[in-house]
Amino acid sequence: MGMTITEYILAKASGRRRVDPGDNIWVSADILMTHDVCGPGTIGVFKREFGEKAKVWNKEGVVIIPDHYIFTADPKCHRNVDILRDFVKEQGLPHFYDPGTPSYAGVCHVALPENGHCRPGEVLFGTDSHTCTHGAFGEFATGIGNTDAGFVMGTGKLLIKVPASIKFEIDGTLLDGVMAKDVILKIIGDLGVDGATYCAMEFSGPAIDALSIDERMTICNMAIEAGGKNGIIAADKKTVDFVKAHTDKSFECFKSDKDAGYLKVYKYRAEDFRPCVALPFSPDKVFNASELKDRKIDRAYIGSCTGGKLEDFIAAAKILNGRKVKVDTFIIPSTVNVKRAMEKEKIDGKDLFTIFREAGCQEPGEPSCAACLGGPEDTYGRCNNKEVCISTTNRNFPGRMGSIDSQTILASPLTAAASALTGYVTDPCEFLK
Amino acid sequence: MSKKIIKGKVFVLGDNIDTDQIIPAKYLNLVPTIPEEYKKLGSYALSGLPAEHKTSYIRNGGMETEYPIIIAGRNFGCGSSREHAPISLGAAGCEAVIASSFARIFFRNCISTGELYPIETATDIAGNFKTGDEAEITIEGADVHITSNGKKYTLKSLGDVLEVIDSGGIFTYARKAGMI
Ligand code: SF4
Chain A
1 MGMTITEYIL AKASGRRRVD PGDNIWVSAD ILMTHDVCGP GTIGVFKREF GEKAKVWNKE
61 GVVIIPDHYI FTADPKCHRN VDILRDFVKE QGLPHFYDPG TPSYAGVCHV ALPENGHCRP
121 GEVLFGTDSH TCTHGAFGEF ATGIGNTDAG FVMGTGKLLI KVPASIKFEI DGTLLDGVMA
181 KDVILKIIGD LGVDGATYCA MEFSGPAIDA LSIDERMTIC NMAIEAGGKN GIIAADKKTV
241 DFVKAHTDKS FECFKSDKDA GYLKVYKYRA EDFRPCVALP FSPDKVFNAS ELKDRKIDRA
301 YIGSCTGGKL EDFIAAAKIL NGRKVKVDTF IIPSTVNVKR AMEKEKIDGK DLFTIFREAG
361 CQEPGEPSCA ACLGGPEDTY GRCNNKEVCI STTNRNFPGR MGSIDSQTIL ASPLTAAASA
421 LTGYVTDPCE FLK
Chain B
1 MSKKIIKGKV FVLGDNIDTD QIIPAKYLNL VPTIPEEYKK LGSYALSGLP AEHKTSYIRN
61 GGMETEYPII IAGRNFGCGS SREHAPISLG AAGCEAVIAS SFARIFFRNC ISTGELYPIE
121 TATDIAGNFK TGDEAEITIE GADVHITSNG KKYTLKSLGD VLEVIDSGGI FTYARKAGMI
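From first to last, the protein sequence lines are chains A and B. Okay, so the first sequence: first residue is 1 according to the numbering used here, each after it adds one. Okay, so the second sequence: first residue is 1 according to the numbering used here, each after it adds one.
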């Protein structure tokens, strides 16, 4: 029997010719990413276990991207970034994106590929569950905890179980108004939040091939919301062009064999997807936006690693251009690079920030995770009361965006923007006619 | 084969208890490897449960729980990779979570840290318990069961991971096995 792309990568990383689902193997990591929420604890584990004087296994392999609690007055949050700074200095780490300096990047999952840390065929571990995002580059990427990360930091290796793969094949062409977010929400709705627990979710087919890199990232980003260990899309010319534009390092592209073994294969027709939302409090409570016209919202939030990339803002701007929002609308570029690109990107001769300002959106937030996960009470865009927020983020568990009394409705940037215009959940097609 | 017994009151929860409910994001500024902050994380364990949960896991102002055993439904620990989640439970004095299934990263973090036993059930047994019931879990190799009110429920074996948790987590295990 052949192997899947995930199995090929893990076989290579463990020095074997073949691996099978369920095998427990030691794999070598190419990149270990950590941020301000889990970095200090990871460093704590690393020092406790390997000693105060220990050195990381490979300086080039460790990437530290503070992004979660950056724009807050909370002293502990600042202390945590200081722990990262001290460690970077002590170890002489070259890849550190320090807040308050020109190297500051923003949300780790968008910053990693922008800075050339994502390459096909590699193994990337991150202390963040949405590390699965980077499967969009044809690599094996998964989230781990501090203890495992401390282990990787010292040894460059981790014992993992090879996941079985589930294939999602999407034929045809997505309709106007339908984004990658709608595709992944629908899939999560069909599978349930534990439908892919422990599995690799492999996305393929003409509709996936047609997606841009930003949109592929959105799909892989939410694999974890179905319980997946990783999401993955085979690298193609688009991937290779993107990666080569961001790094000189060589890499190897893998593809699944025709006779590879899958736990399950799901086939979808792209034309069947509609703009949809996930209602509180679970990403699998998925309904078509058009069915929920009476569902009132209090605010809209466009940002995060899922929905705060350049294309997400272009999509939102297309809807908001020349119109006025009816609810508080928060715009948060995921990274500094995205913010710069938004200043340059023009629709009808206007840059995206001008469009958002004219539409009556709130003054944009600084690139970071902001209110995607609530955070300290002074966090930009945080739901501090009973707000119902339509959001381009990825989770809507109780209290996810702040107060336990608030509610999050997950949507694509098009749907979030259309809903901001009406104050109710709205199918963006109404504004695209 | 050593026998392990966990005895005490149970705390009953439903399906899909995510990491924001186990430890809300606003407490993630605490660093688990700093001893005072480890303890503090314990005091906030399960503080993100919605209001319909009448009983708190930690009594107001307390640092530890009176419930060493949690019994839940499907997909316990879904959501983020924050190790703060199993750590807050462990720091609060939780010794085992029994659930019909676990989210992968949470499960893995329990093992790597050695904080608590994540034990799966073959069927959803949460409905047979109420918060406050006295129970006793026995782990003896592949034989894992819980008894309460004179009834015995068989639980799934922990398999290979029992040894890792028993030895105190992935580091002690890897050292014992000569891997590091
Ligand atoms: S933007 Fe949200 S989901 Fe993405 S890394 Fe930040 S907190 Fe996590």
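Hints are not guaranteed to be accurate.
[Stated by the list, open to error] Listed next, the in silico DSS-like pairs over lysine-lysine satisfying Cα-Cα at most 27 Å (straight line):
1. A/LYS76 with B/LYS151
2. B/LYS3 with B/LYS54
3. A/LYS76 with A/LYS47
4. A/LYS326 with A/LYS258
5. B/LYS3 with A/LYS53
6. A/LYS76 with B/LYS3
7. B/LYS54 with B/LYS176
8. A/LYS386 with A/LYS324
9. B/LYS151 with A/LYS47
10. A/LYS350 with A/LYS433
11. B/LYS176 with A/LYS55
12. A/LYS386 with B/LYS54
13. A/LYS264 with B/LYS156
14. B/LYS7 with A/LYS161
15. B/LYS40 with A/LYS47
16. B/LYS54 with A/LYS285
17. A/LYS296 with A/LYS326
18. A/LYS47 with B/LYS39
19. B/LYS176 with A/LYS157
20. B/LYS156 with B/LYS39
21. A/LYS433 with A/LYS186
22. A/LYS161 with A/LYS324
23. A/LYS386 with A/LYS293
24. B/LYS156 with A/LYS161
Since the hints were made in silico from the structure, they are not lab data.
Consistency of the hints with the structure:
{"no.": "1", "hint": "A/LYS76 with B/LYS151", "verdict": "violated, 47 Å"}
{"no.": "2", "hint": "B/LYS3 with B/LYS54", "verdict": "violated, 35 Å"}
{"no.": "3", "hint": "A/LYS76 with A/LYS47", "verdict": "holds, 20 Å"}
{"no.": "4", "hint": "A/LYS326 with A/LYS258", "verdict": "violated, 51 Å"}
{"no.": "5", "hint": "B/LYS3 with A/LYS53", "verdict": "violated, 39 Å"}
{"no.": "6", "hint": "A/LYS76 with B/LYS3", "verdict": "violated, 42 Å"}
{"no.": "7", "hint": "B/LYS54 with B/LYS176", "verdict": "violated, 44 Å"}
{"no.": "8", "hint": "A/LYS386 with A/LYS324", "verdict": "holds, 24 Å"}
{"no.": "9", "hint": "B/LYS151 with A/LYS47", "verdict": "violated, 46 Å"}
{"no.": "10", "hint": "A/LYS350 with A/LYS433", "verdict": "holds, 21 Å"}
{"no.": "11", "hint": "B/LYS176 with A/LYS55", "verdict": "holds, 22 Å"}
{"no.": "12", "hint": "A/LYS386 with B/LYS54", "verdict": "holds, 20 Å"}
{"no.": "13", "hint": "A/LYS264 with B/LYS156", "verdict": "holds, 25 Å"}
{"no.": "14", "hint": "B/LYS7 with A/LYS161", "verdict": "violated, 32 Å"}
{"no.": "15", "hint": "B/LYS40 with A/LYS47", "verdict": "holds, 21 Å"}
{"no.": "16", "hint": "B/LYS54 with A/LYS285", "verdict": "holds, 25 Å"}
{"no.": "17", "hint": "A/LYS296 with A/LYS326", "verdict": "holds, 11 Å"}
{"no.": "18", "hint": "A/LYS47 with B/LYS39", "verdict": "holds, 20 Å"}
{"no.": "19", "hint": "B/LYS176 with A/LYS157", "verdict": "holds, 17 Å"}
{"no.": "20", "hint": "B/LYS156 with B/LYS39", "verdict": "violated, 30 Å"}
{"no.": "21", "hint": "A/LYS433 with A/LYS186", "verdict": "holds, 23 Å"}
{"no.": "22", "hint": "A/LYS161 with A/LYS324", "verdict": "violated, 51 Å"}
{"no.": "23", "hint": "A/LYS386 with A/LYS293", "verdict": "holds, 20 Å"}
{"no.": "24", "hint": "B/LYS156 with A/LYS161", "verdict": "holds, 19 Å"}
When each numbered hint is compared with the structure, violations occur for hints 1, 2, 4, 5, 6, 7, 9, 14, 20, 22.
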